[in-house]
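Chemist: All chains should be built: construct the whole structure from the sequences, respecting the hints.
Numbering that gives the first Met the number 0 puts the first residue of the sequence shown at 0, with every later residue one more than the last.
There may be inaccurate statements among the hints.
Distance condition first, Cα-Cα at most 20 Å in a straight line; then the derived DMTMM-like pairs of lysine to aspartate or glutamate [to be verified]:
no.: 1; residue 1: 264; residue 2: 19
no.: 2; residue 1: 210; residue 2: 43
no.: 3; residue 1: 258; residue 2: 248
no.: 4; residue 1: 210; residue 2: 47
The set of hints was computed from the structure by calculation and includes no laboratory data.
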Amino acid sequence: MNYEFIKVVHKDHLCIITIDRPDVLNALSPATSFEMAAAFDEFEANQDLWVAIVTGSGQKAFSVGGDISVMVNAEEVEDYVMPESGYGGLTSRVHCYKPIIAAVNGMALGGGFEVALAADIIIAVEGAVFGLPEPKIGAAAVAGGMHRLVRQIGLKPAMGILLTADSVSAQEGYRLGFVNTVVPRDELMSKAVGVAEKIIQCAPLAIQATKQAVMEGLNTSNLDKLQQAQKEGQFDRLETMFKSSDIKEGLTAFMEKRKPNWQAK
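Modeler: In structure tokens, the structure reads:
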């Protein structure tokens with residue numbers, strides 16, 4: 000598929016999606032988000048793609064969120080239509096159980112920060128900044144940012160960011176817990192790819208089962224209920240994992256002292 004606003008690379012089991020609008024700080028216009036939605040749809044559907052990395056072009060911004068120039072020309076705010084899967088095709092994609100890494104190369108603001116928060120792992124360059132400045136223009140972080148930030152760093156630290164609309168550095172994000180790793184700029188993609196390759200070394204169905212159990216488990220704090228749901232087969236990716244040929248391959252490879260040959264089957 001040909002894209003105008005993003006670049007997509009598939010290499011072995013890895014998918015790299017790059018927001019390619021550096022002249023507008025990789026702002027997420029509706030057209031950009033629809034292209035990203037199509038790219039993530041393809042990633043989800045392709046059994047040979049196991050991990051995705053999302054990043055931005057240039058050195059200034061991962062994404063500054065919504066494209067204000069498009070918003071101000073819309074007759075109503077509701078006319079600024081995003082795909083069902085949300086900003087960047089990701090913020091409402093709650094049932095994607097393949098892992099996604101955000102390689103944050105600069106500013107991640109508004110919807111851009113919300114896209115990063117929707118990823119499973121955030122790797123950021125030393126100069127990156129994160130923020131949800133929507134209240135400064137009369138809006139709010141309605142693409143999941145308010146809820147994800149509270150879940151990821153706790154109520155009081157999140158409210159300090161949300162209610163002041165202040166930005167925080169990558170180092171502060173690491174201290175708070177929503178950034179996994181901070182690296183020099185020239186190491187960003189090599190680090191992100193390295194983390195992806197570690198994930199790819201694991202059984203893909205086991206990784207998907209793990210992500211599903213963790214993410215759906217956030218809906219309850221009762222461990223007994225979670226264990227019961229697991230026993231009752233409510234996490235279908237676990238059932239798929241246990242019935243897969245990959246689990247047999249993993250055990251056999253361990254006994255034979257060799258690397259497993261995963262098939263995602």
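Chemist: Residue 264 and residue 19: Cα distance at most 20 Å?
Modeler: Violated. Residue 264 to residue 19 sits at ~34 Å, over the 20 Å cutoff.
Chemist: Has the given pair, residue 258 with residue 248, been kept, meaning a C-alpha gap of at most 20 Å?
Modeler: Between residue 258 and residue 248 the Cα gap is close to 10 Å, so the pair holds against 20 Å.
Chemist: Please work out if residue 210 and residue 47 have their alpha carbons no farther apart than 20 Å.
Modeler: Given pair residue 210, residue 47 holds - Cα atoms ~18 Å apart, limit 20 Å.
Chemist: Sort out whether residue 43 lies within 20 Å of residue 210, counting only the CA atoms.
Modeler: holds, 14 Å
Comparing the model with each earlier hint shows a violation of hint 1 alone; every other hint is respected.
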